[in-house]
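Got chain A; can you put chain B on it based on the hints?
Residue numbers (my numbering), protein chains in the order written: chain A, 34 to 591; chain B, 7 to 167.
Where hints are given, some of them may not hold.
[To be verified] Label-pair distances were calculated between CB atoms; the ranges are: (1) 472(A) <-> 163(B): 46 to 52 Å; (2) 156(B) <-> 389(A): 24 to 30 Å; (3) 541(A) <-> 82(B): 47 to 53 Å; (4) 509(A) <-> 156(B): 31 to 37 Å; (5) 42(B) <-> 579(A): 43 to 49 Å.
Since the hints were made in silico from the structure, they are not lab data.
Beta carbons: idealized from backbone N, C-alpha and C, even for Gly.
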Amino acid sequence: MNRYKLIVLLLCIPFFASSQDDEKKDYGKLSGGIESNSQYYVDDAKTGDFEQEDPFRSNNYLRLNYTYKNWFAHVQLESYEPNAILNFYPKYNGTDIGTFAVGYKNSKIEVTLGHFYEQFGSGLILRSWEDRQLGINNAIRGANVKYRPTHSLEFSALYGRQRDGFEVSDGSIFGFNAEIGLATLFKFESTGLNLGLSYVGRDEDLDIDNPNFESLTNSFSARLDFSEGNIYSSIEYVKKGEDVYAELGNIIDDKYFDGSAILFNIGYAASGLGIDATFRRMENMAFFSERDESANVFNQNFINFIPALTKQHDYGLTNIFVYQSQPRLTFNPLFKSGEIGGQVDIFYNIKKGTTLGGKYGTKLAFNFSTWSGLKGDFNINDRSYEDTDLFGFGDKYFEEFSLDIKKKWSPKWSSIFSIVNTYYNARYVEDRIGEVNATAVVGEVTRKFDGGKSLRAELSHLFSDDETTERAKNWAGGTLEYNFSSRLSVFATDIWNYGNPDEDQQVHYYTFGGSFTKGATRVMASYGRQRGGLVCVGGICRFVPENTGFTLNLSTSF
Amino acid sequence: MKILNTLILTLMFTSLVFAQDVLPRMQVKTLNGDQIQLEDISKDNQLVIISLWATWCVPCKKELDAISDVYDDWVDETNVKLYAVSVDDSRTVKRVKPLVSGKGWEFDILLDTNSDLKRQLNAPTIPLTLLVKNNKILYRHSGYTPGSEDELFEKIKEFSK
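One chain only, chain A, in its complex shape (with noise of 0.2 Å):
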């Protein structure tokens, strides 16, 4: 019950400070934040019935923030009750303070104990943060310091442990990094130039006689950013010592492994035209803040971000062979040991007043991207293997072009075309069996009325090559969405997978519904049903298994 009282202490620091400084009436600013995701699950005639317990779930976040002077405070609670929504992970459950944390920041130095949310350099070495949709939150609890004696310097320490459900995981994770400008402190006066060095360590003691055991294993990071001009660049490695090796799980006390990353953007930047293309290779980078956690599905007790680098795409269609990365070393059901490739973006604007660009422009976004396993010998009895060389490149796992086309064709129409081309290697990606062609076209156009009204209409086609029998095939889908204004707008969706060669599985994925915006609060209610398969925000994807039934979302700030 300590932490509830130390909640209330914290809510209730206006009033203290109140009476020390009647005159000023200086009572800190409190704000705050609900946000509530519930669905009411039902029986399908086509799909089947509800099976499992609490048709009704529902997963709902109050934030408030607190601060004074340069003091700040903030307290998250969460519910799921009766239980979270489906194939949420199972620690989030009841009712419960998610994270609380106080601080005191000034311009030099900042200082926080309780969670914190905190990300070295691109976070390939740390990153905790929260993403509701996805059920992650691994927040650090504990203490970070910052310290930023000038402009072009700042330092930090964190030590913690991470959330995991209501709780923190096993292992503790220390933490260093430096940031230093160095084209400020050589004056350079058009070119950026920044250092960035950190140091993380795990240290989670297990009951392992091997001499080779050390419960601490330790990883660095260096990584130089440049600009010049148009041009910038950056390049980042990232070692991860020896640590004892986990299948499926369970951990294999005789097996040790070290692992590394590299990950380098270079890009151009000019008015009407961008570029961009970033190549990563990981051998054994998945890094957990406890061992035993290392094969679990939801994403839960990672201390780095290592997320897939493809585009995320914006329709239902084109979401379905979505990449995910595949940085672990495994030996089992396949050997895999991590993945190289890479992405390259080019947005390019026609100009107004060409033959292709009209009069109001044209705006295209291409984008290709291929990765693949590297290239390695391995024997699978003694688990042992070894990389032949460094930029090889082994089985292709997924590669993928996609092209948009955006036109505004007069201030009452626009339209946009997408074309994405995808081969997806399921047998490595989802340790299943099959490799995927697909080709996905989408067609939208936006109508605008008078007075904010507007209707938007999507047409969708998927030409795939694809056996798995719950997505065999061809796929249809459709969207029309209505806007009365900016407030109140209406939605139907539909995706048909038609090609099934099981009739049984020709499935409608059918949602309709509609939102309610106004000021801070929003309200999103809908009725429909859900492909089983994997929701993806920003390349971290949530298996769902299929369902139908009623959603109801809402938020507001205060």
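Chain B only, in chain A's frame:
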């Protein structure tokens, strides 16, 4: 239930000081890697639009495209300034610079790579559009539908006086 009661009770006591009417005090990164103080952008009566967006958010990009088409007129008429704060995380943040260039947006771009500002503003969804002057939040709207930029401009005219 006990926790909930405690919280509600405490909330009632403190309700006098509720209202998210100011921007949080924090440093935000610019596209060039510099840090700026958020409270500085709207000082001296400068009216600013703050728009939270991401490279993967379709309505966000539609809103910023729509504003981009008329931005020069808005600036001429009201001297308003737009800061588009990208909440892209490290997976997509490298796409911000080429996308902004490719689209020819002429706004100031800020980066909120680990959603610190988004969290402080209690914004579960984007786009989120704010009008701010002297660090005070004067208007708040989430979501984008075609034409809602006209409504925003009416508010801008109202608050720029």
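* If you check the beta carbons of residue 472(A) and residue 163(B), does the distance land in 46 to 52 Å? -> Cβ of residue 472(A) to Cβ of residue 163(B): about 47 Å, so the range 46 to 52 Å holds.
* Is the distance from the Cβ of residue 156(B) to the Cβ of residue 389(A) consistent with 24 to 30 Å? -> holds, 29 Å
* Is the gap between the beta carbons of residue 509(A) and residue 156(B) within 31 to 37 Å? -> holds, 35 Å
* Asked: Is the hinted range of 47 to 53 Å satisfied by the C-beta distance from residue 541(A) to residue 82(B)?
  -> holds, 51 Å
* Starting from the range 43 to 49 Å, see whether the pair residue 42(B) and residue 579(A) falls in it by beta-carbon distance. => holds, 47 Å
Violation of the numbered hints given earlier is absent; every hint is satisfied by the structure.
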